[in-house]
Each structure stands twice: as C-alpha cells, then as structure tokens.
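K.L.:
So the protein sequences, as listed, match chains A and B.
Under our numbering, the first residue of the first sequence carries the number 39, and numbering increases by one thereafter.
Under our numbering, the first residue of the second sequence carries the number 74, and numbering increases by one thereafter.
Take these hints with a grain of salt, some might be off.
Stated by the list, open to error - Facing chain B, according to a computed beta carbon distance under 8 Å, are these residues of chain A, among others:
| hint | residue |
| --- | --- |
| 1 | L230 |
| 2 | S264 |
| 3 | E271 |
| 4 | D293 |
| 5 | S295 |
None of these hints come from the bench; they were simulated from the model.
Even glycine gets a Cβ: it sits at the ideal position worked out from N, Cα and C.
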Amino acid sequence: MTDDIRALTARMADEPGSLAFLELAEALRRRGQLDAAYKVARGGVSRYPGLADAHDLMARVLSDQGDLAGAFDAWSSALQLDPMRTSALKGIAFLYFRAGDRDAALTHLERALEVDPDDPAIAKAISRLAAAPLPTPPPPVESAPPELPPASAAATAPPGARRRHGLFEELDGGEQGLLLVDGNGLRLGGRLAGEDGDAAGDRVAAQLAGVSREAARASRLLGLGSWHSIAVESPDAHLVLAQPTPDTVLLASRDPSLPMGRVTLLAERAARAARAWLEAEG
Amino acid sequence: MTATQTALDRVTRVPGVRGALVVAAADGLVVAEQLMDGVDGQAAAALTGSLVGRLARTAESAGLRPPAFVHLRGDSGSVLAAPGPDDLVLVAVVGPDANLGLARLEMIEAAGRLA
Chain A
39 MTDDIRALTA RMADEPGSLA FLELAEALRR RGQLDAAYKV ARGGVSRYPG LADAHDLMAR
99 VLSDQGDLAG AFDAWSSALQ LDPMRTSALK GIAFLYFRAG DRDAALTHLE RALEVDPDDP
159 AIAKAISRLA AAPLPTPPPP VESAPPELPP ASAAATAPPG ARRRHGLFEE LDGGEQGLLL
219 VDGNGLRLGG RLAGEDGDAA GDRVAAQLAG VSREAARASR LLGLGSWHSI AVESPDAHLV
279 LAQPTPDTVL LASRDPSLPM GRVTLLAERA ARAARAWLEA EG
Chain B
74 MTATQTALDR VTRVPGVRGA LVVAAADGLV VAEQLMDGVD GQAAAALTGS LVGRLARTAE
134 SAGLRPPAFV HLRGDSGSVL AAPGPDDLVL VAVVGPDANL GLARLEMIEA AGRLA
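Construct the complete structure from the given sequences, taking the supplied hints into account.
P.N.:
Written as structure tokens, this is what we have:
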C-alpha cells in the first residue's frame, strides 16, 4: 500500500462522511486496484447521491472494469446533476465510439467543447475521432458493447420528429428539473422531481403564473431595463427563471452543489430550446 | 447603531450598490433605507417584497425550503434580496458593474442579523 493510499484510508476511517473517498478511489483506480476502488466509490455514491463528482468517479471505475453500460449510466447521472461536466461528456463520447457510433461520440465531444472551448484536448479529440477508423466491435457475450440510447438522434432528427420526444431532450439531463410554463400557470413541458409525479411541476407552474409580468414591472420601475433571469438559492436547490418569450417562463432546478452560474447557463440553453419549440409549434 | 442600520451600511459599502433597504415582506413596506437619488424605495420595497413572497411559495410548492438569496438580473443592473428573520427582507439595488459576489456574501451575513 502506498503512502498516499494509506493516508487517505486513515482519513476515511477518521472521517467516514468526508469527501476523501473521491481521492482514495481515484488513487486505487490508478493503481489498478479496481475492486477496492469500486467499493470505495460505491460507498461515496450512496452517501452523496447528489454529488456529480461521485458518479463521475464511479463511471471511471466501471469503465476500467469493462462495465461499459454501468459506466454510461453513471456518467449520465453525473450529467443530470451537472450538465456542463466535460469529463462526463468525454466519457460518454468514448463509450459511443467504443460502441461504433461515431456521430454520437462527436456530438458529445462538440458539446464538451461548447462548454469548455479553452480545452485543447477536446478539439484534438474531435479531430482524431473524425479521422480514426471505428474500433472493431468486441466479441459478443463476454464484453458486448453497451446498448446505448441514440443520443445523436435528437440532434440530427428533423424538428417534427424532435417534437414527438421531450421538449428538452437535446439537453443533458433531459426533461427532469426543467419546466416551461405559460402565462396562465399551465405547464407546457418539462418535469420537476417530486414524490407525487407531475403534481409538483403543476403546483410550481401555477405559482409562476404572472411572475414574468411582476419581474418586468420591478425591473422597469427600478430603472434596470428588461429582466433576463432570476436566480433563487434555496438550501435544497438552485433555481433559475428565464424568459423564453414574453408570455412564458422557464424554470431550471438543480442540486445546490452545482454552482449557480452553471444553472444559469443551463437555463439559457433551455430557454433557447423552448423558444425554438414554441416557434415551431406556431 | 441598530442591527438594521449596520446591515444597510455593510451592503451600501460594496462597490456598485446604489442603495439598500429593509422591507417587511408581508406588506411590502420600507422599514429602513439608504438609497442614492433616483432609486424609488417604496417601489423597490413593494415589488421586491411581492416577488420574494411569490418565489418562496414557488419553492414551497416544489418541496424546497425558502430561498436564502434572490437575484433579479436586468439590462442595467440587478435587484438582490436576502430574506432574514421576522419576515424582513434585505434588498439592494445594484448597477451593472457591481461586485455581485461580495454583495451577496455581505447581504446573506447581514440579513441573518436583522431583528
């Protein structure tokens, strides 16, 4: 056992609830002790289910173990919590490439580049991927490629086809935690997590009726011009309201571990998607 | 100096803050204010109180605890609001170049001491 792993193990023993599991599992993974890394990562995910880093770590371990479908699920969970997480986008791109879907791999890498245009590794990966031959599919049974959902479908399908799916399907995290509401407080699309299914989303939508007019009035009377967004910090969630059109409001909700700036970026992307959808709907 | 005045002093010292006020959320009335010329305190109080109340109800509908901080961003600046105890809300009107990070920290800290 190396010194760093010994020190991290001791720290975990002293503070079982600490985030030291992230470093410990990563150190174990790098040393090839994948079973031990998996156990530590699994404990971390169960203690911190809302922490994107924990799911990202679990995905790396599962990927190294050859459980590509498990890795895909874990990176998807990380993206649901943190839609701008480039490591998860790159990981999913790798899995798509392994599964022979170059288009979906490129779509995810391009999205990663959009999030972090200053990362030269992403641009390089895109060039390499565009030129590289697809890997020979591994033999069946023992290490079959994961059955991945057709992520490229939403990006390449015609608008009419897109509307048959979710309004926010193109965005990482999908419909969950995004809500589009009309001026009368009716839900047009999206979902909010709640024990009672869609009822939570409907209740929130009803409360948001007229919030756009109220924000517009406040902003104008205080000399601030038009309003762009309202960020709301609750101990349980970060919420951002945006205005796709004058008659609608878009709500994005994410775990408070995701910085508010990123939730705002997500809300802006979702508002653009909603605007396009509303225009297409006429 | 009262806790309210101390709170207003701390917030208005932040660069870019045009004024701050303490509002009774229930009726939108001004409890205390330190505003630059041109900022309508009564309008800020009434509108922000109402908006914060609505956002608190929205959070409750989603099963969330009440907001600790609200930031309305406009073309030419922002309104910031930090609910405190006794149904009071600390509100600041800031320009587009304000140090929002510092204003947020000062407001959350100051709002917790309102009474």
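K.L.:
Next step is simple, just say for each hint if it's right about the structure.
P.N.:
Structure-based check of all given hints:
Of the supplied interface hints, the one on L230/A holds, with its beta-carbon coming within about 6 Å of a beta-carbon of chain B, less than 8 Å. A hinted interface residue such as S264/A counts as satisfied when its beta carbon comes closer than 8 Å to some beta carbon of chain B; here the least separation is about 5 Å, so the hint holds. For E271/A, the interface hint holds, the least distance from its beta-carbon to any beta-carbon of chain B being 4 Å, beneath 8 Å. Here the hint on D293/A is broken, as its CB sits about 11 Å from the closest CB of chain B, past 8 Å.
This hint is violated: S295/A has a C-beta 15 Å from the nearest C-beta of chain B, more than the 8 Å allowed.
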